[in-house]
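Residue strings, one per chain:
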Amino acid sequence: MKNNMKIYKEITRHTANEKFYKMTENFGSRAAFIFTGEKGKAQLSNLLNIVNSSLKVTDTIDYIKRQIGHGNRGFEKDNFGNDLIKFLYEDLAVTRNAINKTLVDLNLDEFAQQQIHLLICRQFINSMVIHYNYKLQEGANV
Amino acid sequence: MYELTQQDIKRLNLLSDKELYELAVHFVNENELHLSKTKMNKLKGLVQTIAGIRLCKAERRLGIIINYLRHQIQKSTIKEDEKSFYHNLIQTINSDEGLRKFLNLSEFSDCLMIESDSRKEKHHKKEKQDFYMYYITKEFINHLMAEKMKGN
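Sequences listed follow chains A and B, in order.
Heads up: the first sequence begins at 2 in the working numbering, then just goes up one per residue.
Heads up: the second sequence begins at -12 in the working numbering, then just goes up one per residue.
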């Protein structure tokens, strides 16, 4: 329990920094240009459901890949899907490694590291969708 | 019939994220062969349907997938690219250098048979091995189809 608290604390510390926030804002703004209308909203809502219910990072990655493959779901536009895959799989793995380094005294196993990666991905997609909704509303009010 | 434990699921999910995903991406990059969207959806659908069938032995589930792939190869209307793709996929699933190598990992050593095992233990370990192998194949094909769909 104590270890879990330490892990959550460290994840919050890494996902609350400015760089992480800017990235969620960046992806959220791009999404607002691409995913317009009810169909667009449904796409991001589905992505949010997948990331919050999946047990593996690659479940989300596979979902994005399949949506890119459909060719009319929005993820293929402006290389958005590919950039998102790269960010979730590679860039957030760097964040996960940084968290592991700070928690070296806990001697985390590979499963714990996988869960940390998943939690960061959830945090990222959740924040991105918040930015997306905000930008969408902002655009509607102009 | 063997049923996966929470520990098994944890180990297999980790393997899927860590190794099988990379292997599937590598497979697609190595085999730049065209597969139509319909064929991809059929294979993906088959894997999903089998996963949903209860009371079906893992050995049988894996058999259905392999039989489907073999049947596709034997079709007279199949294109060369598709034939090679299915052939390479069967090779990867069945060969010791392919997916079977993961059964030798220390995480899955509890399913490896040893000389001193009784008949009952051997039977239990065989069931366990089949279940692991089926789950590994299912995850691999899921990653493979997603990667392939992205590229199409």
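Think of the hints as simulated: they come from the structure by calculation, not from any bench.
It cannot be assumed that every hint is accurate.
[Stated by the list, open to error] Calculated lysine to any residue pairs in the SDA-like style (CA-CA distance at most 20 angstroms, straight line):
{"no.": "1", "chain 1": "A", "residue 1": "Lys87", "chain 2": "B", "residue 2": "Lys5"}
{"no.": "2", "chain 1": "A", "residue 1": "Lys87", "chain 2": "B", "residue 2": "Lys29"}
{"no.": "3", "chain 1": "A", "residue 1": "Lys87", "chain 2": "B", "residue 2": "Leu10"}
{"no.": "4", "chain 1": "B", "residue 1": "Lys5", "chain 2": "A", "residue 2": "Ala94"}
{"no.": "5", "chain 1": "B", "residue 1": "Lys31", "chain 2": "A", "residue 2": "Tyr64"}
{"no.": "6", "chain 1": "B", "residue 1": "Lys70", "chain 2": "B", "residue 2": "Phe14"}
{"no.": "7", "chain 1": "B", "residue 1": "Lys(-3)", "chain 2": "A", "residue 2": "Ser55"}
{"no.": "8", "chain 1": "B", "residue 1": "Lys5", "chain 2": "A", "residue 2": "Ser55"}
{"no.": "9", "chain 1": "A", "residue 1": "Lys87", "chain 2": "A", "residue 2": "Leu120"}
{"no.": "10", "chain 1": "B", "residue 1": "Lys(-3)", "chain 2": "A", "residue 2": "Asn108"}
{"no.": "11", "chain 1": "B", "residue 1": "Lys24", "chain 2": "A", "residue 2": "Glu77"}
{"no.": "12", "chain 1": "B", "residue 1": "Lys24", "chain 2": "A", "residue 2": "Ala94"}
{"no.": "13", "chain 1": "A", "residue 1": "Lys40", "chain 2": "A", "residue 2": "Phe81"}
{"no.": "14", "chain 1": "B", "residue 1": "Lys29", "chain 2": "A", "residue 2": "Phe81"}
{"no.": "15", "chain 1": "A", "residue 1": "Lys87", "chain 2": "B", "residue 2": "Glu6"}
[Claimed, not checked] Quick list of simulated restraints, FRET-style, between CB atoms:
{"no.": "16", "chain 1": "A", "residue 1": "Asn53", "chain 2": "B", "residue 2": "Lys66", "range": "39 to 45 angstroms"}
{"no.": "17", "chain 1": "A", "residue 1": "Ala17", "chain 2": "B", "residue 2": "His21", "range": "42 to 48 angstroms"}
{"no.": "18", "chain 1": "B", "residue 1": "Ser82", "chain 2": "A", "residue 2": "Lys7", "range": "39 to 45 angstroms"}
{"no.": "19", "chain 1": "B", "residue 1": "Lys24", "chain 2": "A", "residue 2": "Asn80", "range": "29 to 35 angstroms"}
{"no.": "20", "chain 1": "A", "residue 1": "Asp92", "chain 2": "B", "residue 2": "Glu19", "range": "22 to 28 angstroms"}
{"no.": "21", "chain 1": "B", "residue 1": "Gly39", "chain 2": "A", "residue 2": "Ala17", "range": "36 to 42 angstroms"}
{"no.": "22", "chain 1": "A", "residue 1": "Asp92", "chain 2": "B", "residue 2": "Ser103", "range": "48 to 54 angstroms"}
{"no.": "23", "chain 1": "B", "residue 1": "Thr64", "chain 2": "A", "residue 2": "Leu107", "range": "24 to 30 angstroms"}
In this text, a Cβ means the ideal position worked out from N, Cα and C, and glycines have one as well.
Structure-based check of all given hints:
Distance check on the hinted pair: lysine 87/A and lysine 5/B sit about 15 angstroms apart at the alpha-carbon level, within 20 angstroms; holds. Distance hint between lysine 87/A and lysine 29/B is unfulfilled; the C-alpha atoms sit about 28 angstroms from each other, more than 20 angstroms. Among the hinted pairs, lysine 87/A with leucine 10/B is consistent with the structure: their alpha-carbon atoms are about 17 angstroms apart, no more than 20 angstroms. Our distance criterion of 20 angstroms between C-alpha atoms is met by lysine 5/B and alanine 94/A, whose separation comes to about 12 angstroms.
Straight-line distance between C-alpha atoms of lysine 31/B and tyrosine 64/A comes to about 13 angstroms, which keeps the hinted pair within the 20 angstroms bound. In summary, the hint linking lysine 70/B to phenylalanine 14/B is supported, as the alpha carbons are separated by about 15 angstroms, within the 20 angstroms threshold. Straight-line distance between C-alpha atoms of lysine -3/B and serine 55/A comes to about 13 angstroms, which keeps the hinted pair within the 20 angstroms bound. Taken as a hint, the lysine 5/B and serine 55/A pair is honoured in the structure, with Cα atoms around 15 angstroms apart against an allowance of 20 angstroms.
For the hint pairing lysine 87/A with leucine 120/A, the CA-to-CA distance comes to about 17 angstroms; that is within 20 angstroms, so the pair holds. Simply put, lysine -3/B and asparagine 108/A have alpha-carbon atoms about 18 angstroms apart, close enough for the 20 angstroms limit, and the pair holds. With a C-alpha separation of about 16 angstroms, the suggested pairing of lysine 24/B with glutamate 77/A holds against the 20 angstroms cut-off. For the hint linking lysine 24/B to alanine 94/A, the alpha-carbon distance of about 31 angstroms lies beyond 20 angstroms, and the restraint is violated.
Simply put, lysine 40/A and phenylalanine 81/A have alpha-carbon atoms about 17 angstroms apart, close enough for the 20 angstroms limit, and the pair holds. In summary, the hint linking lysine 29/B to phenylalanine 81/A is not supported, as the alpha carbons are separated by about 27 angstroms, beyond the 20 angstroms threshold. Proposed proximity of lysine 87/A and glutamate 6/B is supported: the alpha carbons are some 17 angstroms apart, at most 20 angstroms. Distance hint for asparagine 53/A and lysine 66/B: a CB-CB separation of about 40 angstroms, consistent with the stated range 39 to 45 angstroms.
The hinted range of 42 to 48 angstroms is satisfied by alanine 17/A and histidine 21/B, whose Cβ atoms lie roughly 46 angstroms apart. Checked against the hint of 39 to 45 angstroms, the C-beta distance between serine 82/B and lysine 7/A comes to roughly 43 angstroms, which is consistent with it. At roughly 21 angstroms, the beta carbons of lysine 24/B and asparagine 80/A sit outside the given window of 29 to 35 angstroms. Between aspartate 92/A and glutamate 19/B the beta carbon distance is about 27 angstroms. The supplied range of 22 to 28 angstroms therefore holds.
Glycine 39/B and alanine 17/A have their C-beta atoms about 41 angstroms apart, which keeps the hinted 36 to 42 angstroms range intact. In this structure, aspartate 92/A and serine 103/B meet the distance hint of 48 to 54 angstroms, their C-beta atoms being roughly 49 angstroms apart. Checked against the given bound of 24 to 30 angstroms, the beta carbons of threonine 64/B and leucine 107/A, roughly 57 angstroms apart, lie outside it.
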